[in-house]
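Colleague: Kindly produce the complete structure, drawing on both the sequences and the hints.
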Amino acid sequence: MPELYSSKPATATTADSKLSENSKEERGTRIRDFLPPKKGHSLSSFMVLPSKSVRFETQEPEEEILMILRAHWITSLPWVFISVVLFFAPAVLRYFPLLSSFPARFQIIFVVVWYLVLGMFIFERFLMWFFNLSIITDERIIDIDFLDLIRKKVADADIDKIQDVSFNNADAFGAIFNYGNVLVQTAAEIVEFVFERVPNPAKVADVLQRLRTEEKVEEIEGRVR
Amino acid sequence: MEEIIKTLLAIDIWQIGKIFVLIGLGVYLFFAFLIIRQVRLMTEIVEGILTHPLRVVSWLFFLFSIFVFIFTLLVL
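Just so you know, the sequences run in chain order Z and X. Residue 180 in the working numbering sits at position 180 of the first sequence, with consecutive numbering throughout. Residue 13 in the working numbering sits at position 13 of the second sequence, with consecutive numbering throughout.
Please keep in mind that the hints were generated in silico from the structure rather than gathered at the bench. There could be a bad hint or two in this list.
Said to hold, decoys possible - In silico negatives: residues of chain Z with every beta carbon more than 12 Å from chain X: (1) G40; (2) A89; (3) G119; (4) F123; (5) K152; (6) I159; (7) V217.
Unchecked claim - Computed footprint of chain X on chain Z; a stretch qualifies when at least three of its residues, placed anywhere within it, have a C-beta under 8 Å from a C-beta of chain X: (8) 104–116; (9) 171–181; (10) 191–205.
All values reported here derive from a predicted model rather than from experimental measurement. C-beta atoms are modelled at their ideal positions from N, C-alpha and C, and glycine is treated no differently.
Modeller: Printed below as a string of structure tokens:
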């Protein structure tokens, strides 16, 4: 049996450790040695085995989140750069008296409104980055897309419905910073899932492939939930 | 004709400017309220990651936009 189907780590050899792992599996925390080490925080683009307090809307009680992915932070650089430029714009505009024909009270209001709109722009861009998530659980993949502030699209597919997983580097920066798109072909209602510009796409594709194999083994063994 | 010209000349352009600024801030206020609803929706879909800080920030934006609206009403 290849190691990926094994529920024990390579170092565990004693009967005691086997018992302890079995009890872990009974509690629903199956050990998957193909997963990267547990890491990530709330702002991370690549969260592995997040804490139990992190849950999503349609999560089943026994379902375990293995990975939460969002676009690599470097992809946010354009709007961060624009925000920095816009932040200093009023100070620069003092040397170009475009507003000098307006009364002083109007000039003050313009600056206040400028920062108000800028603040909302930054917050909105942050939200769009933060909540466009791809979630991999032990049972399925979930893709959450907020198209804008009004419209959202949530799609999911069972792991056993995955037919093909591929990945590519999104662009030149993707090659440098190791991020890219992971494309998942499924036999579910939504035929294709794209995890856009996620960090370490090769690892994500590998995890999905191994989960698919694990699911098939469970199906053969009759352990499907 | 003369009456019309006199009336037009009597219009305070800055008062019209004030009305436009207030309309813009009114639209912004609606947008800020929309953000509160949206943040609530977003944090309900995925719970446990920065749920409370994001909700607080969205409310702060809304309250700050109310403050700016009132400030504009008084200053302009």
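Colleague: Against this structure, judge whether each hint is valid.
Modeller: To see whether the hints hold, each was checked on the structure:
1. G40: 10 Å, violated
2. A89: Non-interface label stands for A89 (chain Z): nearest chain X Cβ at 18 Å, farther than 12 Å.
3. G119: 7 Å, violated
4. F123: Its Cβ does come within 12 Å of chain X, the nearest being 6 Å, so this is violated.
5. K152: 7 Å, violated
6. I159: Consistent with the label, I159 (chain Z) stays out of reach of chain X, its closest Cβ about 20 Å off (over 12 Å).
7. V217: 30 Å, holds
8. 104–116: holds (count 7)
9. 171–181: It is violated: at least three residues are needed, and the region 171–181 of chain Z offers just 0 whose Cβ sits closer than 8 Å to chain X.
10. 191–205: violated (count 0)
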